[in-house]
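Make the full structure from the sequences, and use the hints.
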Amino acid sequence: FREATIENARHSVQEPGIARFDVLQDSGDPCRFVLVEVYRDADAPAAHKQTAHYQRWRDTVEPMMAEPRASVRYSNVFPPEEGW
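Position 75 of the sequence shown, counting from 1, maps to 76 under the numbering used here, and the rest follow consecutively.
A portion of the hints provided could be inaccurate.
Said to hold, decoys possible - Below, simulated EDC-like cross-link-like pairs (lysine to aspartate or glutamate); rule was C-alpha separation at most 16 Å, straight line:
1. Lys50 / Asp60
2. Lys50 / Glu8
3. Lys50 / Glu38
4. Lys50 / Glu63
5. Lys50 / Glu16
These aren't lab readings, by the way, just hints derived from the structure by calculation.
Given the structure is predicted, the values throughout are model-derived calculations rather than measurements.
Written as structure tokens, this is what we have:
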């Protein structure tokens, strides 16, 4: 999972619609990860899901998931988006 996710992140940060793509691993449980994806606009998440690297990652890690993936949306507070 880790290797496939890092490979996906390497490609994802090259997308024009992605400002950040962080891969975080739980220090207490190395089998748990959080992906923090920061998009530049509202259309970027859908565009990201159309990329070959995302689809390859999704198909590769699906059988590795202990539970279904969950998504939580946040709004930026700081730093200002103009600084991205």
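A quick look at each hint next to the structure:
{"no.": "1", "hint": "Lys50 / Asp60", "verdict": "holds, 12 Å"}
{"no.": "2", "hint": "Lys50 / Glu8", "verdict": "holds, 15 Å"}
{"no.": "3", "hint": "Lys50 / Glu38", "verdict": "holds, 12 Å"}
{"no.": "4", "hint": "Lys50 / Glu63", "verdict": "holds, 15 Å"}
{"no.": "5", "hint": "Lys50 / Glu16", "verdict": "holds, 11 Å"}
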